[in-house]
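Novice: Below, each chain spelled out in residue letters.
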Amino acid sequence: MSEQGGAGATHATTGTYLRVAAILVMVTLIEVGIFYVPAFQGILVPLLLVLSALKFALVVMFYMHLKFDNRFFTFLFGAPLFLALGVVIGLLFLFYGSVRLRAGG
Amino acid sequence: MSHAHPTSMGVDSRKMAFWAFIGSECLLFGSLISTYLIYKGKSLVGPYPHEILNIPFTSFSTFDLLMSSLAMVLALAAIQRGDMKQGKIWLFVTAFLGLVFLGGQVWEFSHFAHQGLGLTTNMFGSTFYVLTGTHGAHVTVGVIWLLTLWVQALRGKLGPGQALTVEIAGLYWHFVDVVWIVIFTVVYLIQ
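Protein chains in written order, with the working numbering: chain E, 1 to 105; chain Y, 1001 to 1191.
Keep in mind the hints are simulated off the structure, nothing from the lab.
Some clues are possibly wrong.
[What the hints assert, rightly or not] Chain Y residues, not near chain E, derived (Cβ > 12 Å throughout): (1) Ala1017; (2) Ser1031; (3) Leu1037; (4) Ser1059; (5) Thr1062; (6) Gln1080; (7) Val1100; (8) Thr1120; (9) Thr1134; (10) His1135; (11) Gln1152; (12) Gln1191.
[Said to hold, decoys possible] Per the computed footprint, the stretches of chain E lying under chain Y, defined by three or more beta-carbons under 8 Å from a beta-carbon of chain Y, are: (13) 22 to 30; (14) 37 to 44; (15) 49 to 61; (16) 82 to 95.
Positions of the beta carbon are idealized from the N, C-alpha and C atoms, including for glycine.
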């Protein structure tokens, strides 16, 4: 391994890349499958969000090499990502909260 | 410039800067996704999402982009081990799959336009086109970047010494992929 966080940082093997690709395809098929199954309609949203988060994590950890790279890169990506998530959740809460208040008032 | 400068933390400066850029992109797409979700179901006139979104077609686009990410890591791995023949092939495959995705998006947008969904038709049209259009613009930049690297490789100007350049292009490409993973779920599957 050369300089940590440089071009030669240790990455996954080709076999791992192929296995990750197979999992990504399978999870996508499951996502599309449960979209059409009426039995899953009640838990569709949380289920899809979990599956989407799994795919997101796999690509970031193995294809973007965050699992093997310098932890500082994880911070550089993770901190704004959680901030963005906070913005999404906060705006949704504020917007739908205000609608509910107006409706109730 | 093939050799980047290490920072006092021992990490590569170009890679560090690019991760910071990707972090800022998270905030950009976070705000666009928020806007889409806030105005979801607020359209007063059609067409509505469930009337025109084509899940089988978009599933294919998702598969296409996932395979382009696989091609990208295979390109990087080949270039890092000095196998430029494989590197050139996988770089081209990545760019080609990106072009296929863009072609699909052009078809989808024109199909929606024929169905009566324009940028100003309703809230769904406005937020949908801005979100997916911004993502499409990122894919376009990525395809141009990848084709530039491919041409450099064909001219013999790209080798294991420039692996970091390819890795940074790969980071961008994979980020475009993860953004689509979120868009596919939030916009297409959760209607």
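Novice: For each hint, tell me whether it holds in the structure or not.
Specialist: Status of each hint after checking the structure:
1. Ala1017: violated, 9 Å
2. Ser1031: Y:Ser1031 not clear of chain E: closest Cβ-Cβ about 6 Å, inside 12 Å.
3. Leu1037: violated, 6 Å
4. Ser1059: violated, 5 Å
5. Thr1062: violated, 6 Å
6. Gln1080: With a cut-off of 12 Å, Y:Gln1080 comes too close to chain E, as the shortest Cβ separation is near 7 Å.
7. Val1100: With a cut-off of 12 Å, Y:Val1100 remains clear of chain E, as the shortest Cβ separation is near 16 Å.
8. Thr1120: holds, 21 Å
9. Thr1134: Per Cβ check, Y:Thr1134 is outside 12 Å of chain E; nearest 14 Å; holds.
10. His1135: With a cut-off of 12 Å, Y:His1135 remains clear of chain E, as the shortest Cβ separation is near 15 Å.
11. Gln1152: holds, 16 Å
12. Gln1191: The assertion about Y:Gln1191 is violated, with a minimum of 9 Å to chain E.
13. 22 to 30: holds (count 3)
14. 37 to 44: Violated - the stretch 37 to 44 of chain E has 1 residues with a Cβ nearer than 8 Å to chain Y, which falls short of three.
15. 49 to 61: With 7 residues close enough to chain Y, the hint holds.
16. 82 to 95: Result for this restraint: holds, n = 8.
In the structure shown, a violation is registered for the earlier hints numbered 1, 2, 3, 4, 5, 6, 12 and 14, in ascending order.
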